[in-house]
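Undergrad: One letter stands for each residue in the lines below.
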Amino acid sequence: MSLATFIAQLFAGLGLAFVLFFTAAGLNLVWGVLGVMNFAAGSVYMLGAYLTTSAIARLGASALGWTVALFAVPLAVAALGALAEVTLLRRTYREEDENRQFMITLALSYLIAGAIVLVFGTHFRTVSLPGALEGSWSVLGATLPRYTVVTIVLGLLVTAAIWFGLQRTRAGLLTRAAVDDREMLSVLGVDVDRLYSAVFAVGVGLGALGGVLIAPQGAVSSNLETTALVPAFIVVVTGGLGNMTGALAAALAIGILQSFATLRDATLAQLTPYAVMTVVLLARAASARLGWSVAGVRLRRSATARSSAG
Amino acid sequence: MRRLAYGCAAAMVLAALALGGCGSSSSGSSELASGAPVKIGYLASLTGFCSTFSQEYVKGAELAVKRVNEQGGVLGHKLQLIVRDDKATPTVGVSQARDLVLSAHVKYLAGTCSSAVGKSVEQLVANPSHVIYAVGVSDPTVFAGGPEIYAFDTIPTAKVEGENAAAYIRAHPQWKRIAVISEDYSYGYQVTAAFKKAMAGSGQSIVSQDYVPAGGSDYAPYINRLIAEHPDAVYSTVITEDTVTLVKEGLPLGLFAKTNFFGILDYATIDAMPKPPVGVEGYTFYPSPSIYHTPFARELEALGGAVANGGAAGDAFNQIQLIAQGIAKAKSTDPTKVREALAGATVQTVQGDVEIHKCNHEVAMPIAMGRVVGPNHTLAFAHFEPLTLVSTDKYLEC
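The listed protein sequences correspond, in order, to chains A and B.
For the first sequence, the working numbering gives the first residue as 1, with consecutive numbering after it.
For the second sequence, the working numbering gives the first residue as 1001, with consecutive numbering after it.
The set of hints was computed from the structure by calculation and includes no laboratory data.
Using N, Cα and C, we set each Cβ at its ideal position, and we do this for glycine too.
Some clues are possibly wrong.
Simulated restraints, written as ranges between beta carbons of each label pair [said to hold, decoys possible]: (1) B:P1274 with A:D193: 40 to 48 Å; (2) B:L1379 with A:F164: 19 to 27 Å; (3) B:E1070 with A:T267: 46 to 54 Å; (4) B:G1279 with A:S54: 26 to 34 Å; (5) A:R146 with B:S1205: 32 to 40 Å; (6) A:L118 with B:A1302: 43 to 51 Å; (7) B:G1344 with A:S62: 57 to 65 Å; (8) B:K1329 with A:L106: 34 to 42 Å; (9) B:L1379 with A:T169: 34 to 42 Å; (10) A:V119 with B:H1230: 39 to 47 Å; (11) A:L118 with B:P1274: 18 to 26 Å; (12) B:G1035 with A:V230: 29 to 37 Å.
In isolation and in its complexed conformation, chain B is listed as follows (with noise of 0.2 Å):
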C-alpha cells in the first residue's frame, strides 16, 4: 500500500514537471531548432455539434497554413497543421490539446467552434503550458484574465455584439416594445444579457425574450408568441441554418412584415434561402469575401462562394495568420515573446487592419451591417446594401 502511494506520488510529480517544462521560458528556450516546422494544432469539431461548418473551419486553416509555406513559411520555419476532432465536448478538447502539447510538443493552438471547449483550453494553456491559442468564440469570460492570457479573440465576443446591436436599437427611439429572439444555449444566452444590459436607461422595454432550441426544425409557437406580443421591434441571434428556419416560418407568419426585424444574417446563410427576407436589417462578423475585398478575402474565394461566404473558413484563415504575423513580428517562435509582440499590435485579417487590444486579447474585427437586398448587379446573390462597417474599437474595455 505504502509502495502504491509513493509510486503514484511519483508520478504526479513526473507528470507536473513534463507540464511545466513543456513551453515553459523560464526553464529554457521555446526556440524551434532551425528548419523545424511550426506545429499549429487544430481543435475542429468534426463530430458533435457545429460539425456541419467545422469541415470548413478546416478548410480556412489549410489554406492559410498553403499561403504562408509557399511565401517561405514564417522566419525559415514552414507552418505545419496538425488537426484533431473535439467534439464540440470541453473533455476531448482539453484532451486532445493536452495530447498535441505534450506529444506532439505543439507550442501553437487555434480553433474549435465552442465556446465550453475554447474556455476549457485556454485555462489549459494559461498555466503553465504557455502556448499561444488563436480562438474564436464569443464567450468574453475566456479573455478575461488580462494581457497575461496566451489566448487571442479572432472574432467579436457577444459582449460586443449585444452591445453593438443595443446601439443600434436605441437609435431607434420610436420603437418602443422591442422583443429578443435567441438560440438556447450560452451564446444565446450571452449576447442576450450584454443586450439587455446596454439597453438599460433607453427608455425602450423588452416585452419578449424568447430562446428557441438551437437545431430545432419547427419555430412557428415561438413566432406567434413574439409577434402576440406586439414588438415594434425584434432583435434576433439565431444564426445559420436556424436563420432559415426562422425566416421561412417568420414569412408566412408576418414576422417581417408586422415588426422592425434586425439580426444576424451573415451571407452565406441569406444566400441559401429560397426567399431572403429583403427589406430587413441585418448585420455579420463573418469574415466573407463579398464584403471585404482585401487580399485575404480574394484567397478565401478559391474556397468556393458557399465555403467563402460563411464564417468558418475566413476565421481559421484568421486564426493562422494570427500566429504567423505574431511570430514574425516577434522575430522569435517562443510563445511568450509572440504574446507579447502581438499585444497592441495590428494584425492582417480577411477584414482587414484590425488591433489587438492589449488588455484582453480580443481583436477589434468590424461588424457589417445593412438592408438585405436580393441579387442585383452588384453582387449575384443576397446581400446587404447599403453596407455599413462599425467598429467595434468603442466595446472593448480595458
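Bound conformation, chain A alone (with noise of 0.2 Å):
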C-alpha cells in the first residue's frame, strides 16, 4: 500500500465514520437520557437528506444556501421531533412502558416514510455542492475530495460540542442528572418534561443533521433509511448505550477498518461493522470494563443503579 492510498483511504474512512457518528449519537443521547430506543432515528436522517434537497432546489447551490440548508434542516427536524415526544412519546416515560416506545418509534419511522413518498415521489433527488467545495486537494499524492475535509472537519466541530454541551454547560448537568434520578430533578423545581422534550429534539436533530452531510454525496432515495438505522445501532451497541466517547469510538473505528478492509476485499469489508461489534461485545463479556466505557461521556446508568434507586 502506498502513501498516497493509506492518506485517501484513511480520510475515506473518517469521513465514513463521521457520518455515521451524527446518527449514532442521536441515537444515543435519546437512549442514554430518555431511554427510548429510537426505531425512526433511520426515517429521520432520510427525512434530513430529502428536506436538504428541497431548501438546496430553493435556496441555490451556493455556499450561503448551504450554510442556511445545515442549520435549518436539522432545527426543523428538531422542531418536529419536540412536536413527536410531547404527543406521544411523554406518557410512557412515567409508565415505563419501554414496548409502547418502541411500537411508538417504529410507527413513526413508517410515517415519515409514507410521508416522503407522498410529498417527494418515488424517484430519487440530487443536489450539487458549492463550486468551492467541489473537486480535491492533493496531499503527499492522495486525493481527498474538499467536500470528505469539510466533513471530517464539521464532524470534529460537533463532536467537540456535543462534548462542551454535555460537560460544560448547565442544560449538560441537569440531562446529565436526569438520568440519574428524575424524580429528584423534578423535586428541585426543574422542569425535566422539557428538558427530555429538548434531549430529544437535539438527537433528532443531530440524525437529521447526518442526512444533511450525505446528500450531496450521491443520491437521496428511500435506500438511506436502512443504510443509515443498522449501522447505527451497531455503533451505539458497540460503544456502549448511553456511552457517547464510545460511539464516537466504535465510529471511528468502523468507518476506518472498513475503508482499510475494502482494500483486501470489497465485498468482505462489508461485514466489518458487525466484525467490530462481535470482537468488542465478547472481550466486554470475558472482562468487566474495557477502560474505556469508564473514561467516557456515559450518559446511561447501570441496570443496577436503576433498580437500587428504585
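Make one complex out of these two single chains by using the hints.
TA: This is the structure:
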C-alpha cells in the first residue's frame, strides 16, 4: 500500500465515520437520557437528506444556500421531533412502557417514510455542492475530496460541541442528572418534561444533520433509511449504550477499518461493522470493563443502579 | 388419524387437479369467451427493494393497456391489468402469481424487477399452468429451458450485457489493465462472470473486481481501491441511483480522469446528475424515447421525461405489447398458441421491431452506446453523442 493510498483511505474512513457518528450520537442521546430506543432514527436521517434537496432547490447550491440548509434542516427536524415527543412519547416515561415506546418510534419511522414518498415521490433526488467544495486537494500524492475534508472538520466541531454541551453547561449537567434521578430533579424545580423534549429534539436534529451531510455525496432515495439505521445501532451497541465517547470510538473504528478492509476484499469489508461489534461484545463479556467506557461520557446508568434507586 | 391422512391426500389431489386443469390446453379450450377481457397479472415490487421505480413499471403497463384498448383491444377482447405487489421476494411473487392464475384466472403474467422472483414465477408457469409470462429480468437461467418455456424476456440478459461490454473493451487492445466494479447482488455477479468469460484470451488482464453494496451511500473506499490498481479502463455495471453516487464521488477522486470509464448509464440517471460524467463512454438498453424515435417511444413521452427516459415504464410497455401482439399473431387467446406464434416472430417495441429468438424466447433488444455529452442543441439534457445502436443478435445463442 502506498502512502497516497493510505492517506486517501484514511480520509475516506473518517468521512464515513463522522456521518455514522451523527446518527449514532442522536440515537445514543435519546436512549441514554430518555431510555427510548428510537427506531425512527433512520427515517429522520432520510428526512434530513430529502429536506436538504428541497432547501437547496429553493436557496441554490451556493455557499449561502448550504450554510442555511446546514442549520435550518436539523432545526426544522428537531422541532418536529420535539412535537412528536410531547404528543406521543411523554406519557410513556412515567409508565416505563418500553414496548409502547418501541411501537411508537417504529410507527413514526413508517409515517415519515410514507410522508416522504407522498411529498417527494418515488424517484431519487440529487443535489449539488457549492463550487468551492467540488474538486479535491492533493496531499502527499493522495487525492482528498474537499467535501470529505469539510465533513471531517464539521464532525470534529459537532463532537466537541456535544462534549462541551454535556460536560460544561448547565443544560448538560441537568441532562446527566436526569439520567440518575428524574424525580429528584423534578422536586428541585427543574421542568423535566421540557428537558426531555429538548434532549429528544437535539437527538433527532443530530440524525437529520447526518442526512444533510450525506445528501450531496450521492442519490437521495428511500434506501437511506436502512443504510443509516443498522450501522447506527451497531455503533451504539459497540460503543456501549449511553456512552457518547464509546460511540465516537466505535464509529471511528468501524469507518476506518471498513475503509482499509476494502483494499483487501471489497465484499468482505461490508462485514466490518458486524465483526467489530462481535469482537467488542465478546471482549466486554470476557472482562467487566474495557476501560474506555468508564472514562467516557456516560449517560445511561447501569441496570443495577436503576433498580437500587427504585 | 387415518381420516386425517385421507383428507390430506384428497386435498392434495384436488389441488393438483385444479392447477393442472388451469390453462392446460390438453384439458379443453383455453380460448376466452367472446367479449371477455384478457386479464394480465402484473407483478410489481411496490414495497421493498426496487420499489422506487416499480411505480414506473405500473405506469408503463397501464399506458400500454390503455393504448391497446383505445384501439379496440385485441381480437375483440379488451385488456385488463391486475397489479399485485411481489415485494421483490420470491415466495410472495409466487404466491401472488399462483393466486392470479387460480383465483383471477389470468392466462398472462408480466412484470417484476427481481430476477429471483422472475425465476420462481417462470418455474410456476412452465408446468403445468401454461401461462405466458413477459418479464424483463437479467438472469439468463430464467430462459434456459428451451423453446418449451412460456416466459419471454424483454431486456438483454446479464450474459448479453457482459459479452457486449467485453466486445467493446476488446476493441481497445491498448487497454491492458481492466478493473470491474459491479453491484453486490445477482445481476452484478452474472454480468461480471459473462464479461470475464468473454474477455478470456484477449491478452487484457482484469486487475480488480469489486462489488459495491446496492443502495450504498459511500463508495469512496471502493473507488480509492480501484484507482490504486492503476487500471487502463474501468467497466461498471453499477446502475440507476448507485451510479449517481459512483459518479459524484468518483469525479473529485479522479476516477474518470485517471481511467477510461465504460459503464451502464441510462438517460434518466445521467439527466438527474448535477454534473454528468461528460466524455465518458456509456451504454444503455433502457427503452428511452430520447434514443428511439418510434411510435411507441412517442407514446411513452406522455408519462413525462423522467419516467419515460427511465427503463421501467418502457420495459413494462413492451411486456404488455408483446402479449397483445402475440395474441394477434396467434389469432387466439390460447397461451400455447400465443407461445408458438411469438417464438421466432418480430414484434414492435419501444426500441423498434425486434426478433424473439425461437430457442430461448429472448428478445434481441439493441444496446445504445455513446460518449456522454452535456445538454446541447440536440437534447436539453445529458445524453450520448454520437449514438450507436448495437444489435445483440450475435450474443443470443441457440
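Undergrad: Run every hint past the structure and note whether it holds.
TA: Now the hints, each set against the structure:
1. B:P1274 with A:D193: 40 to 48 Å: Holds, at about 44 Å.
2. B:L1379 with A:F164: 19 to 27 Å: violated (53 Å)
3. B:E1070 with A:T267: 46 to 54 Å: Between E1070 (chain B) and T267 (chain A), where Cβ atoms are some 49 Å apart, the hint holds.
4. B:G1279 with A:S54: 26 to 34 Å: holds (31 Å)
5. A:R146 with B:S1205: 32 to 40 Å: 34 Å Cβ-Cβ, so the 32 to 40 Å window holds.
6. A:L118 with B:A1302: 43 to 51 Å: violated (23 Å)
7. B:G1344 with A:S62: 57 to 65 Å: Once the Cβ atoms are compared, 59 Å apart, the range 57 to 65 Å for S62 (chain A) and G1344 (chain B) holds.
8. B:K1329 with A:L106: 34 to 42 Å: This hint is violated: roughly 52 Å between Cβ atoms.
9. B:L1379 with A:T169: 34 to 42 Å: violated (56 Å)
10. A:V119 with B:H1230: 39 to 47 Å: Since the Cβ atoms of V119 (chain A) and H1230 (chain B) sit about 45 Å apart, the hinted range of 39 to 47 Å holds.
11. A:L118 with B:P1274: 18 to 26 Å: holds (25 Å)
12. B:G1035 with A:V230: 29 to 37 Å: violated (53 Å)
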